[in-house]
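Asks: The listed protein sequences derive, respectively, from chains A and B.
Numbering of the first sequence is given in our numbering, commencing with residue 97 and proceeding in unit increments.
Numbering of the second sequence is given in our numbering, commencing with residue 97 and proceeding in unit increments.
Do not take every clue at face value.
No copy is singled out in the list; a pair is fine if it fits within one copy or between any two copies.
To be verified - Subject to a maximum C-alpha distance of 30 Å in a straight line, what follows is the list of computed DSSO-like cross-link-like pairs (lysine-lysine):
(1) 141 <-> 120
(2) 271 <-> 372
(3) 120 <-> 371
(4) 357 <-> 286
(5) 121 <-> 270
(6) 372 <-> 120
(7) 126 <-> 229
(8) 384 <-> 286
(9) 286 <-> 271
(10) 384 <-> 357
(11) 371 <-> 126
(12) 231 <-> 372
(13) 271 <-> 231
(14) 420 <-> 372
(15) 235 <-> 119
(16) 126 <-> 372
(17) 100 <-> 120
(18) 379 <-> 229
(19) 121 <-> 231
(20) 119 <-> 231
(21) 271 <-> 119
(22) 213 <-> 229
(23) 121 <-> 235
Keep in mind that the hints were calculated from the coordinates and are not lab data.
Remember, predicted model here, so these are calculated numbers, not experimental data.
2 protein chains.
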Amino acid sequence: MSQKLAFIGFGVVGQGLAEILIKKKEDLQKRYDFDFEVVAISDMKLGSVYCPDGLDMEKIMDMVDEGVSLSKYPGCDTGWEPMKTIEETNADTIIEVTFTDMETGGPALDHVKAALKKGKNVVSTNKGPVAQKIKALQKTAEENDAYYKFEGTVLSGTPAINLALMTLAGCEIKKVKGIVNGTTNYILTKMEEGMGYEEALQKAQDLGYAEADPTGDVEGIDAQGKTLILANTLMNADLELEDIQRQGITRLTLDDIEEAKEEGYRWKLIAQAEKKDSRVEGKVSPEKIPSDHPLAGVMGPTNAITYTTDHLGEVTIIGPGAGKEETGYALLVDLLSIYG
Amino acid sequence: MSQKLAFIGFGVVGQGLAEILIKKKEDLQKRYDFDFEVVAISDMKLGSVYCPDGLDMEKIMDMVDEGVSLSKYPGCDTGWEPMKTIEETNADTIIEVTFTDMETGGPALDHVKAALKKGKNVVSTNKGPVAQKIKALQKTAEENDAYYKFEGTVLSGTPAINLALMTLAGCEIKKVKGIVNGTTNYILTKMEEGMGYEEALQKAQDLGYAEADPTGDVEGIDAQGKTLILANTLMNADLELEDIQRQGITRLTLDDIEEAKEEGYRWKLIAQAEKKDSRVEGKVSPEKIPSDHPLAGVMGPTNAITYTTDHLGEVTIIGPGAGKEETGYALLVDLLSIYG
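Isolated chain A (complex conformation):
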């Protein structure tokens, strides 16, 4: 049966998925028996369109490239707001890729909640809803016989969450320790090459790794949210954002980095969650990692997580932490885990 998909938000990540879906439509049907139509897109800037029998996605991408509003798509309903698109279209699955406030989860949180309540599956890369309300959302999903998948919230498409939930099933995750923010890891890599903090930050901004206001990255707020997600989804914790201690990289000096290097260590911004008796403690802070630990070799914008487990000891996954195609792919693997 053909699955009906709706995009809520159609920015970089949504377009990343759309490009993969266009390119791989036949392959996905053949390899995974995954057949789909995109029936709706609702985006604040690009406009919105709903066509119950499916949109021509190549035409959609052409319109986006040419700067034509999606509301000009011929022969279909247009102008539907996100909530109406979620609740009233014939979509089975909502691809939620709008934006999110880490403190409140909104507006993505409302979208996810509304979709699950309607019994529609949700795949999303938005951290806010997972960080704020994962337990409640999982309950809503279960009650309404729907799936809520969010691989892309941590390490983009690099399988951080699915690795732990699927391929380490049956293991107890005792500790999670990782480099989950590419911007800061890039800055620290450049500083190790001798570049000053300000210059390294500038370079990260020039390359599009860091935003104009880099606070979220360099003060560890992004990593804090990801730590919360890992703790609450993989370690059965029930933490809130403020439970995760946080320190960024802004106090690290070139001297600190040089000194560590001479001692056989490397400074990394480490996100960590650890079971202690019945509690889980989480923190984000710069840490000196011995140069023979797998995390020490993770350079530039690359991310990595080491899981400490009961049966396997340490298992480490290393891969990209961001990117249009990489994060778009996270949505695809979530779709396949529902339908494949």
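Mind docking chain B on chain A? Use the hints.
Replies: Frame of chain A, contents of chain B only:
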């Protein structure tokens, strides 16, 4: 419904799984709804026993520890050969952990084939059948509505195969490059510390990493089989063992290793399979890896694989490559992927 399991072979790996099953029975039921009974064990040395309603596994482990033949287990049928156990017990799933000849696949191959033909699922850590006959076995499994799972054939319980098949679903694996033999990696690590080859090998033997006849490890035969498995199961290749070029580590000298180190490289025994046009080429050989590559930091008996994919670029997994509990766990995760 309670699943009925039968062990064919009950050596180190089988006992590793049994210990986990005993310890986690309740947890597995609660977390994964996986309920089971072990109904039969057939082992060449330890004896055999069949009890349609289930064996007391703690009692079984006590008997093994005390050196009492399993054929002395009270109130049950005893003396059943592997083939009879596979074909005539009420087991739904066969845990195939006997031994295997990499050249012929036997006797494990016969066990796997017989079980699948009967429509029974198979979980196995035996490399031979996968290396020799994976395509035919997968076909038999499909025709008889059964599963054949073999995560433990490469990197023990570290999710090498499931990572690629499940969490990288939808990606094309263009290249696989890894350290898949712990013994040789341990020897190279020791040589980098200045130890001669013979001494390092002796130490590996003392620690139980290397066998009395180390040929299979040091000449790359073990790695060759694993390369074949990765190529044929993850890259849709149809290679045979002799298609994989092979060179071991015996020609590497301390001078080679020292020289590479000075140049910022590290010698590793690398297993590699790569798509070239419509073909897959595989080889095992010592290779100088740049010290900033994730594989360069993999030391001692630890294993690792880097997958080069279309959507994510390089994704690397690092973890244990062997061990009683680690390989026993591979069987558990396979069971959960069937029943969980």
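Asks: Against this structure, judge whether each hint is valid.
Replies: Hint by hint, here is what the structure shows:
Taking the shortest alpha-carbon separations for residue 141 and residue 120, only the intra-copy value of 27 Å comes in at or below 30 Å, while the best inter-copy value is 52 Å. With identical chains, the CA atoms of residue 271 and residue 372 are at most 30 Å apart within one copy only, with a shortest distance of 9 Å there and 40 Å across copies. When the C-alpha separation of residue 120 and residue 371 is checked against a cutoff of 30 Å, the pair qualifies only between copies, where the shortest distance is 18 Å, while the shortest distance within a copy is 41 Å. With identical chains, the CA atoms of residue 357 and residue 286 are at most 30 Å apart both within one copy (13 Å) and between copies (23 Å).
Taking the closest pair of Cα atoms, residue 121 and residue 270 come within 30 Å of each other only across two copies (19 Å); inside a single copy the shortest separation is 39 Å, beyond that limit. Taking the shortest Cα distances, residue 372 and residue 120 sit within 30 Å of each other only across copies (20 Å), while inside one copy they are farther apart (45 Å). For a Cα distance limit of 30 Å, the shortest separation of residue 126 from residue 229 across copies, 23 Å, qualifies, whereas the shortest one inside one copy, 36 Å, does not. For the identical chains of this complex, residue 384 and residue 286 are neighbours both inside a copy (16 Å) and across copies (25 Å), given an alpha-carbon limit of 30 Å.
Taking CA atoms no more than 30 Å apart as the test, residue 286 paired with residue 271 passes in both settings, with 29 Å inside one copy and 29 Å between copies. Within a single copy, residue 384 and residue 357 get their C-alpha atoms as close as 9 Å, and across copies as close as 23 Å, so both meet the 30 Å cut-off. Taking identical chains as interchangeable, the C-alpha atoms of residue 371 and residue 126 lie at most 30 Å apart only when they sit on different chains, with a minimum of 20 Å there against 43 Å within one chain. Within a single copy, residue 231 and residue 372 get their C-alpha atoms as close as 21 Å, which meets the 30 Å cut-off; across copies the closest is 46 Å, which misses it.
Only within a single protomer do residue 271 and residue 231 lie at most 30 Å apart by alpha-carbon distance; the minimum there is 20 Å, versus 38 Å between protomers. Taking the closest pair of Cα atoms, residue 420 and residue 372 come within 30 Å of each other only across two copies (27 Å); inside a single copy the shortest separation is 37 Å, beyond that limit. In this assembly of identical chains, residue 235 and residue 119 lie within 30 Å of each other by CA distance solely across copies; the values are 29 Å between and 35 Å within a copy. Taking the shortest Cα distances, residue 126 and residue 372 sit within 30 Å of each other only across copies (22 Å), while inside one copy they are farther apart (46 Å).
For the identical chains of this complex, residue 100 and residue 120 are intra-copy neighbours only, at 16 Å inside a copy versus 40 Å across copies, given an alpha-carbon limit of 30 Å. In this homomeric assembly, residue 379 and residue 229 come within 30 Å of each other (Cα to Cα) only inside a single copy, at 19 Å, whereas the closest approach across copies is 49 Å. Proximity of residue 121 to residue 231 under the C-alpha cut-off of 30 Å is restricted to the inter-copy arrangement: shortest distance 25 Å between copies versus 34 Å within a copy. Taking CA atoms no more than 30 Å apart as the test, residue 119 paired with residue 231 passes between copies only; the shortest distance there is 28 Å, against 35 Å inside one copy.
In this assembly of identical chains, residue 271 and residue 119 lie within 30 Å of each other by CA distance solely across copies; the values are 20 Å between and 38 Å within a copy. Only within a single protomer do residue 213 and residue 229 lie at most 30 Å apart by alpha-carbon distance; the minimum there is 14 Å, versus 47 Å between protomers. Within a single copy, residue 121 and residue 235 get their C-alpha atoms only as close as 32 Å, which misses the 30 Å cut-off; across copies the closest is 25 Å, which meets it.
Hint compliance for this structure: no hint is broken.
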